[in-house]
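Asks: Given only the sequences and the hints, what does the whole structure look like? Please build it.
Protein chains: 2
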Amino acid sequence: MKHFEEYQTIIAKGIEEYQFTRKPSELYEPLNHLLNYGGKRLRPIMLLMACDFFGGNLDEALPPALAVEFFHNFTLIHDDIMDGAFLRRGFPTIHAQYGINTGILSGDALLIKSYQFFENLEPPLFKECLQLFSETAALLCEGQQQDVNFENTSKVSYKDYLRMISNKTAVLTAAALKIGALIAGADKKDAQHLYNYGLNVGIAFQIMDDYLDVFGNREKFGKKHAGDIFENKKTILYLIAKQFADEKDKEELEFWYSKKTDNIDKIYSVEKIFRKVQVDRKVLRLVTRYNDKSRYYLNKIDCSDAQKQPFIELNNYLLKREF
Amino acid sequence: MKHFEEYQTIIAKGIEEYQFTRKPSELYEPLNHLLNYGGKRLRPIMLLMACDFFGGNLDEALPPALAVEFFHNFTLIHDDIMDGAFLRRGFPTIHAQYGINTGILSGDALLIKSYQFFENLEPPLFKECLQLFSETAALLCEGQQQDVNFENTSKVSYKDYLRMISNKTAVLTAAALKIGALIAGADKKDAQHLYNYGLNVGIAFQIMDDYLDVFGNREKFGKKHAGDIFENKKTILYLIAKQFADEKDKEELEFWYSKKTDNIDKIYSVEKIFRKVQVDRKVLRLVTRYNDKSRYYLNKIDCSDAQKQPFIELNNYLLKREF
Chain U
1 MKHFEEYQTI IAKGIEEYQF TRKPSELYEP LNHLLNYGGK RLRPIMLLMA CDFFGGNLDE
61 ALPPALAVEF FHNFTLIHDD IMDGAFLRRG FPTIHAQYGI NTGILSGDAL LIKSYQFFEN
121 LEPPLFKECL QLFSETAALL CEGQQQDVNF ENTSKVSYKD YLRMISNKTA VLTAAALKIG
181 ALIAGADKKD AQHLYNYGLN VGIAFQIMDD YLDVFGNREK FGKKHAGDIF ENKKTILYLI
241 AKQFADEKDK EELEFWYSKK TDNIDKIYSV EKIFRKVQVD RKVLRLVTRY NDKSRYYLNK
301 IDCSDAQKQP FIELNNYLLK REF
Chain F
1 MKHFEEYQTI IAKGIEEYQF TRKPSELYEP LNHLLNYGGK RLRPIMLLMA CDFFGGNLDE
61 ALPPALAVEF FHNFTLIHDD IMDGAFLRRG FPTIHAQYGI NTGILSGDAL LIKSYQFFEN
121 LEPPLFKECL QLFSETAALL CEGQQQDVNF ENTSKVSYKD YLRMISNKTA VLTAAALKIG
181 ALIAGADKKD AQHLYNYGLN VGIAFQIMDD YLDVFGNREK FGKKHAGDIF ENKKTILYLI
241 AKQFADEKDK EELEFWYSKK TDNIDKIYSV EKIFRKVQVD RKVLRLVTRY NDKSRYYLNK
301 IDCSDAQKQP FIELNNYLLK REF
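Order-wise, the sequence lines are chains U and F. Residue numbers for the first sequence follow the numbering used here, so the first one is 1 and each next one is one higher. Residue numbers for the second sequence follow the numbering used here, so the first one is 1 and each next one is one higher.
Hints are computed from structural coordinates only; laboratory data are not their basis. As the structure is a computational prediction, the values presented were derived from the model and not from experiment. Just so you know, not all the hints are guaranteed correct.
Note: identical chains are not told apart, hence a pair may lie in one copy or across any two.
To be verified - Mimicking DMTMM-like on lysine to aspartate or glutamate, the simulated pairs with C-alpha atoms at most 20 angstroms apart in a straight line are:
{"no.": "1", "residue 1": "K233", "residue 2": "D262"}
{"no.": "2", "residue 1": "K13", "residue 2": "D187"}
{"no.": "3", "residue 1": "K282", "residue 2": "D160"}
{"no.": "4", "residue 1": "K276", "residue 2": "E254"}
{"no.": "5", "residue 1": "K159", "residue 2": "E26"}
{"no.": "6", "residue 1": "K259", "residue 2": "D187"}
{"no.": "7", "residue 1": "K2", "residue 2": "D228"}
{"no.": "8", "residue 1": "K276", "residue 2": "D265"}
{"no.": "9", "residue 1": "K188", "residue 2": "E135"}
{"no.": "10", "residue 1": "K23", "residue 2": "D160"}
{"no.": "11", "residue 1": "K2", "residue 2": "E313"}
{"no.": "12", "residue 1": "K155", "residue 2": "E26"}
{"no.": "13", "residue 1": "K23", "residue 2": "E151"}
{"no.": "14", "residue 1": "K23", "residue 2": "D147"}
{"no.": "15", "residue 1": "K23", "residue 2": "E135"}
{"no.": "16", "residue 1": "K224", "residue 2": "D249"}
{"no.": "17", "residue 1": "K266", "residue 2": "E252"}
{"no.": "18", "residue 1": "K308", "residue 2": "E247"}
{"no.": "19", "residue 1": "K159", "residue 2": "D305"}
Replies: As structure tokens, this is what we get:
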């Protein structure tokens, strides 16, 4: 298997090669800009890694890898409209720059293009990949709606939250890995193990993201400290705190989470409760649990640990992550 | 072949049978409502007709027919947001009732579902149909953008207009017919002839729609008389009038089309110019031309006129249409 940077280069070249050249430019130019801005491109890279892992042809896997990246960007465009977000990757979002109508329509065109990227595959593989892709896409829509619903209700359970992050982020990582495996002609069971590996890594990553928002190294994390608390996001930290806090602290939590304020007292008070009920330890335990679960599925794939090294490294990176 | 009403019944039953049952309901319920409201459902009916025409299995064609109908409704939801339209089929549009965010996200879910409706087809047919479907979907996005562009420019040519209506409406009718033919296992050439038939019928229909807006029987047409003039839409009537009017009339046309007004003088003045340059005759000649073109492609299909009767009736209906 190649180094991470090599996969990254393949994806970057692919995005350049597959720029939109069709008209009208009002529809496609905003997409070319957005795709060029970059982003981590983890999902298409994982698709290539999976294909390589099972000895597949990376040229064949490249367009489907771009499909996953284009699809991810489609969700960002529409989510940014829904969230009223004006910045993405340090640049204005499409709807902020070109208006909501362009955001909607260009997003649609990007989703359709992502389907077209599978057309280099032979019919049986094409169908198998598209079935997984469509089901994944449906789950992402559902996850986004669940996330929206959470803002308007106080009755969010821990289980609801896990399903939401699973749908909203983890299933796409899982699907990317499985599609890579299928293109390489992997055994169906192994492809499914890799899917489950990806699903659990994805969940662990998202939980870690919630953790780092509050407990991360403030210099390395690179995002606004405690942004989720400022925005009253019902993350796993909040849900665990609410579960274990005494009545008085629970009331205080609910008080702060009903206020839209940048008040530093809010952050201080909420963090105090988080520490009191040891939210940090409990959340890290959860990260470990999902990380272990992902290792369990990885172990089921019948090949040496040496071969699995890139995936194991991903697990280790996850646990050591400070930012 | 069956009667029109029989196809209509099959589609109505199909829509009932394939209601969304997944969660969250905030995402899917608005879609079930919209699909139940009805509409003419011409496109899925044409898909079934085409399949029947070539002796295909209507049970196999039903889900793809629903795909075309769901896809059409997806475009309506997103277009209604872009156009700021608050009524559709006599009911509030989704975004008017549930907000823009639901309109965007439910629309996305509907587009994804329309892809899933092809999954009952065997891999080679699945791929062939989806390639056509995706290309058609991309053209529809382009047509919508072209339509938006027309509002902001005075330089719309007659050719631009025909491409826009072809993309925005005719290609989906054409694709519906071709998909029906492909599912029935029709000869590729015949399937393409039927596509070209549908494309030209679709263009003729759209031009006739523009004509009836101004020259139609006011009682039968059922839409607001001269709605396109009120809204300054650069329809084929306007484009032809601008081409043939003298300088003074051209100036007057441009004057009225730069004003957003419900003033009856506007309608009176514009219609006077339309009649003066015989826009009505010229437009009807165009309808006839595209109608003839569609007949030309229908004739290429190697079977008796008796078999082609339902399609010929569609042509005749088009020419006699008063509403």
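Asks: Determine for every hint whether it applies to the structure shown.
Replies: Status of each hint after checking the structure:
For the identical chains of this complex, K233 and D262 are intra-copy neighbours only, at 14 angstroms inside a copy versus 48 angstroms across copies, given an alpha-carbon limit of 20 angstroms. When the C-alpha separation of K13 and D187 is checked against a cutoff of 20 angstroms, the pair qualifies neither within a copy, at 30 angstroms, nor between copies, at 40 angstroms. In the homo-oligomer, the alpha carbons of K282 and D160 lie at most 20 angstroms apart inside one protomer (18 angstroms), although the nearest pairing across protomers, at 62 angstroms, exceeds that limit. In this homomeric assembly, K276 and E254 come within 20 angstroms of each other (Cα to Cα) only inside a single copy, at 16 angstroms, whereas the closest approach across copies is 72 angstroms.
Taking the closest pair of Cα atoms, K159 and E26 come within 20 angstroms of each other only across two copies (19 angstroms); inside a single copy the shortest separation is 43 angstroms, beyond that limit. For a Cα distance limit of 20 angstroms, the shortest separation of K259 from D187 qualifies neither inside one copy, at 52 angstroms, nor across copies, at 66 angstroms. Taking identical chains as interchangeable, the C-alpha atoms of K2 and D228 are never at most 20 angstroms apart, the minima being 36 angstroms within one chain and 60 angstroms between chains. Taking the shortest Cα distances, K276 and D265 sit within 20 angstroms of each other inside one copy (16 angstroms), while across copies they are farther apart (75 angstroms).
Proximity of K188 to E135 under the C-alpha cut-off of 20 angstroms is restricted to the intra-copy arrangement: shortest distance 17 angstroms within a copy versus 31 angstroms between copies. Taking the shortest Cα distances, K23 and D160 sit within 20 angstroms of each other only across copies (12 angstroms), while inside one copy they are farther apart (43 angstroms). Taking the closest pair of Cα atoms, K2 and E313 come within 20 angstroms of each other only inside a single copy of the chain (13 angstroms); across copies the shortest separation is 63 angstroms, beyond that limit. Proximity of K155 and E26 under a CA criterion of 20 angstroms is satisfied inter-copy only: 16 angstroms between copies versus 43 angstroms inside one chain copy.
Taking the shortest Cα distances, K23 and E151 sit within 20 angstroms of each other only across copies (17 angstroms), while inside one copy they are farther apart (39 angstroms). Proximity of K23 and D147 under a CA criterion of 20 angstroms is satisfied inter-copy only: 13 angstroms between copies versus 35 angstroms inside one chain copy. For the homomeric pair K23 and E135, the shortest alpha-carbon distance between copies (14 angstroms) is at most 20 angstroms, but the shortest distance inside one copy (30 angstroms) is not. In this assembly of identical chains, the alpha carbons of K224 and D249 never lie at most 20 angstroms apart, being 25 angstroms within a copy and 61 angstroms across copies at closest.
Taking the shortest Cα distances, K266 and E252 sit within 20 angstroms of each other inside one copy (10 angstroms), while across copies they are farther apart (64 angstroms). Proximity of K308 and E247 under a CA criterion of 20 angstroms is satisfied in neither setting, with 47 angstroms inside one chain copy and 76 angstroms between copies. When the C-alpha separation of K159 and D305 is checked against a cutoff of 20 angstroms, the pair qualifies neither within a copy, at 33 angstroms, nor between copies, at 63 angstroms.
Checked against the numbered hints listed earlier, the structure breaks hints 2, 6, 7, 16, 18 and 19; every other hint is satisfied.
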